[in-house]
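Enquirer: Line by line, the protein sequences give chains S and P.
The letter at position 16 of the first sequence is residue 16 when you use the numbering used here, and the numbering goes up by one with no holes.
The letter at position 65 of the second sequence is residue 65 when you use the numbering used here, and the numbering goes up by one with no holes.
Please keep in mind that the hints were generated in silico from the structure rather than gathered at the bench.
Heads up, a few of these hints could be off.
[Said to hold, decoys possible] Computed list of lysine-lysine pairs in DSSO-like fashion (alpha-carbon distance at most 27 Å, straight line):
1. K12(P) - K68(S)
2. K103(S) - K68(P)
3. K112(P) - K112(S)
4. K68(P) - K43(S)
5. K112(S) - K43(P)
6. K43(P) - K69(S)
7. K69(P) - K43(S)
8. K103(P) - K12(P)
9. K131(S) - K12(S)
Number of protein chains: 2
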Amino acid sequence: MSDFQLHSQLQKDCFVLGKFELCQVLLMNDSQFPWFILVPQRKDIREIYELTDAEQIMLIRESSYLAKKLAEIFNADKLNVAAIGNIVPQLHLHHVVRYENDKAWATPVWGKFAAVPYTEQQRIVLLDRLKSLDLL
Amino acid sequence: MSDFQLHSQLQKDCFVLGKFELCQVLLMNDSQFPWFILVPQRKDIREIYELTDAEQIMLIRESSYLAKKLAEIFNADKLNVAAIGNIVPQLHLHHVVRYENDKAWATPVWGKFAAVPYTEQQRIVLLDRLKSLDLL
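With these hints in hand, go ahead and build the complete structure from the sequences.
Expert: Here is the structure:
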């Protein structure tokens, strides 16, 4: 874990919000969708099945905790949870809050629209809404 | 579990290959990608976090078992694992085998191409390759 380093593309595209026991919690810098990413702090892992059994259990526990909280905070119509990683090889798990009237509905959001970064003000408001995540 | 019924859209789009302890294992009838779907046999569940803790652990165990087997059987470049469910509300977890030269690479496959059904002969060959999944 001490060897873990967040992939440069994730550093570029996201804000680091904090961490859970296993994962770093990122906010995708795209104001079009409330979009969060969990990254297990383990080196050289590309697929979920490459984690140990214990780490996989931590991952689904942290993912479900996050997804449920996001559904409540954002009053979501649906959560989209996905490990894709065709471009960024470091294992990362997307959690995208979806609404039936969002601009990509009902298709997935990946690779669809260029990101629209948050303004400073939008980010402050958003971070305040996320306090109940109780991140480390 | 006795009340569980596979969603009509999944019945229409997929072949049922068998089951694990928690999930039914489906093959998407699209010969363009080796594409499998796990459906927890639980009624009225839309999000992973709605499963019990024990069921969530079963789900990630079955998902990882399937993903690892598929990676080996198909010599995959990447697995894409996702719970989307914007259209079909019944919780189902996609497992798509990806190659760096497949027709959708590097974007996700969902909502991209109309399915190209397997021929009878292709399906027979494929089912033979899947024997090592040891489905119930």
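Enquirer: Evaluate each hint against the coordinates.
Expert: Hint by hint, here is what the structure shows:
Proximity of K12(P) to K68(S) is assessed by CA-CA distance (about 30 Å); at most 27 Å being required, the pair is judged violated. Restraint check for K103(S) and K68(P): the C-alpha separation of about 35 Å exceeds 27 Å, so the hint is violated. Distance hint between K112(P) and K112(S) is fulfilled; the C-alpha atoms sit about 11 Å from each other, no more than 27 Å. With a C-alpha separation of about 19 Å, the suggested pair K68(P) and K43(S) falls inside the 27 Å cut-off, and the hint holds.
With a CA separation close to 32 Å, the supplied pair K112(S) and K43(P) exceeds the 27 Å bound. Using a Cα cut-off of 27 Å, the hinted pair K43(P) and K69(S) holds, with the two alpha carbons roughly 22 Å apart. Distance hint between K69(P) and K43(S) is fulfilled; the C-alpha atoms sit about 22 Å from each other, no more than 27 Å. Our distance criterion of 27 Å between C-alpha atoms is met by K103(P) and K12(P), whose separation comes to about 24 Å.
A threshold of 27 Å between alpha carbons decides the hint, and for K131(S) with K12(S) the separation of about 23 Å falls inside it, so the pair holds.
Checked against the numbered hints listed earlier, the structure breaks hints 1, 2 and 5; every other hint is satisfied.
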